[in-house]
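Undergrad: Residue numbers (our numbering), protein chains in the order written: chain A, 1145 to 1428; chain G, 151 to 412.
Think of the hints as simulated: they come from the structure by calculation, not from any bench. Be a bit skeptical, because a hint or two may be false.
[Unchecked claim] Residues from chain G that face chain A, not an exhaustive set, calculated with beta carbons under 10 Å:
1. Ile179
2. Ala203
3. Gly224
4. Ala228
5. Ala235
6. Leu252
7. Asp308
8. Arg383
[Unchecked claim] The calculated label-pair distances, taken between Cβ atoms and stated as ranges, are:
9. G:Glu158 - A:Pro1277: 29 to 37 Å
10. G:Leu377 - A:Glu1410: 57 to 65 Å
11. G:Gln218 - A:Leu1271: 39 to 47 Å
Heads up, the beta-carbon is just placed ideally off N, CA and C, and yes, glycines get one too.
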Amino acid sequence: MSTLESTLVIPPEAASRLPSKLQWQGFWQRHQYLLLGLISVSALTFIWWLVTALELVPSLFLPAPQAVWNKFLVVSSQGFMDATLWQHTAASLQRILLGLWFAVIIGIPVGLWIGCNQVVRGLLDPLVEIYRPIPPLAYLPLLVIWFGIGETTKVLLIFLAILAPIIIATAHGVSSAGKSRQRAAQSLGATPSQLLWHVTLPAALPSILTGVRIGLGAGWSTLVAAELVAATRGLGFMVQSAAQFLVTDTVILGILVIAAIAFAIEIGLRYLQKRLTPWYSHYE
Amino acid sequence: MSSELRVEQVSVVYPEQAFAALDKVSLTIGAKDLTVALGPSGCGKTTLLNLLAGFVQPSSGQLSLNGQRITRPGADRAVVFQDDALLPWLNVLDNVAFGLRLQGVSKTEREKTANAMLSLVGLAEFAQQQIWQLSGGMRQRVGIARALASHSEVLLMDEPFGALDAFTREQMQELLLKVWSHTGRRIFLITHDIEEALILASHLVLMTPRPGRIQESLTLDFNQRWLKGEPIRSIKSDPSFIRLREQLLSSLTAQPALREAA
Ligand SMILES: Nc1ncnc2c1ncn2[C@@H]1O[C@H](COP(=O)(O)OP(=O)(O)O)[C@@H](O)[C@H]1O
Ligand SMILES: [Mg+2]
């Protein structure tokens, strides 16, 4: 199989000698999705520019792209509502990273425990299933009553939003260790803790990372929404207060930054998944 | 006598099954035996191997290795499965060295052993490859090398070549015989392939289902002829080989349950 593939792959020095049409085809095939994505994003930006340049919409509702860009430069250096763009971003990122940290150090062990032990599964599964489908914003008011509107409430909210996907994905990942793999390790002398550390955990890793990815997605949207309600700093707060003063370009800027960060998290975790668990796509 | 792997009057009854998976089975596997259990699927071969490995417990009777009762899995009994059961997050060398790592053997020491075992199964150049880069037959060789590296007293093999194509299977059978004669390791292998059983076994037990029992026990030497260099085709066309093959086939098909299955 691998020898067949290697004969089909064109070595780089041969590729440079190919006619340029073939070269372009190869380039297209390799980067097809990236190129198509660039096309659609540029088209959208162009339409946005066109609509504003022809003054089809008042700039109060839709400021021009260059106005948003200028705002980006201004908010980056001088700030908005007592904090620069970077300070707002850092405030949001700090909250989500703290929430993620707690969700990981609690969610992975709990998930492993549920996955490995029938009794624990029976006890905890219903609890997880009850709390998982509740939108985090639904219990935000309760958290505010209990913990006030400080950082604790926001980090706790993010933590709860990320925790469920991590627990569920980890418990699910435990089963992908496979019976014969576990038994083979036992017959090589693995103790229960060695089995957990050397077989169960690595086998569950692809699933755990998927859980982190889903959790972070949910956590990020929850966070921004929470900052709309109760915060003095953060991207959600920036967008909300700009909207109150009808500073539409700052609103759009905030939305774009929020989108860019969500995108970066997704891409980063996919990359991490590829690096940490390269066997996954080949094997399962 | 004490260096024996013994199965004494062992029965296994699974809940909600009309017949015992194993019914008062007794078997002794000597120090240098290559014992093959042959039988149709459902006759309890895997159950017997799982008992020897310590993965399941008998309903009655007992098993022992060197006089020690078998109650759970242990490093003295390595298992090779039909699906390779390797750890894809480790490369070939680390997979083979895995058992020694669990035992706390130093890195240089265990890699030395692992490399020696990889040479033995003809995979010396593949030590740094990833598992997913290997073919099915090569993975199975890694599984064998891993089982050998752990210095177990017996290799338990559950239809190890069942998933391979006929050509690769024959290569693997020859490799296994060489490994067996080279290391003198005790092997217990199960299969439903009559020719495979005849060509590999020094000691063959024929099992029949419903309930699972040992029906016949034979001592064979076709494997010695293959090891001495006689071509496999000439052994398999030998009248004594053919006679035994037909004899086993008719005692297997004499089972009414089997005729339905076939
Ligand atoms: N875990 C189990 N629970 C219930 N019945 C089982 C179980 N494992 C095997 N059996 C039954 O025991 C019999 C022997 O199975 P097995 O040992 O797997 O046979 P073989 O390996 O020869 O195909 C079969 O009838 C099978 O259905
Ligand atoms: Mg079986």
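Undergrad: Now tell me, hint by hint, if it's right for this structure.
TA: Checked hints:
1. The restraint placing Ile179 (chain G) at the interface with chain A is violated, with a minimum CB-CB distance near 16 Å, outside the 10 Å limit.
2. Interface restraint check: Ala203 (chain G) against chain A, minimum CB-CB distance 5 Å, threshold 10 Å, status holds.
3. At a threshold of 10 Å, the smallest CB-CB gap from Gly224 (chain G) to chain A is about 6 Å, leaving the interface hint in force.
4. At its closest, the beta carbon of Ala228 (chain G) sits 5 Å from a beta carbon of chain A; the interface hint therefore holds under the 10 Å criterion.
5. The beta carbon of Ala235 (chain G) comes within 4 Å of a beta carbon in chain A, closer than 10 Å, and the hint placing it at the interface holds.
6. Below 10 Å, beta-carbon pairs count as interface contacts, and Leu252 (chain G) has one with chain A at about 5 Å; its hint therefore holds.
7. About 9 Å separates the beta-carbon of Asp308 (chain G) from the nearest beta-carbon of chain A, less than 10 Å, and the hint is met.
8. Hint on Arg383 (chain G) is violated. Least Cβ distance to chain A is approximately 28 Å, over the 10 Å limit.
9. Here the CB-CB span from Glu158 (chain G) to Pro1277 (chain A) is close to 55 Å, at odds with the stated 29 to 37 Å.
10. Between Leu377 (chain G) and Glu1410 (chain A) the beta carbon distance is about 58 Å. The supplied range of 57 to 65 Å therefore holds.
11. Gln218 (chain G) and Leu1271 (chain A) have their C-beta atoms about 44 Å apart, which keeps the hinted 39 to 47 Å range intact.
Violation of the numbered hints given earlier is confined to hints 1, 8, 9; the remaining hints are satisfied by the structure.
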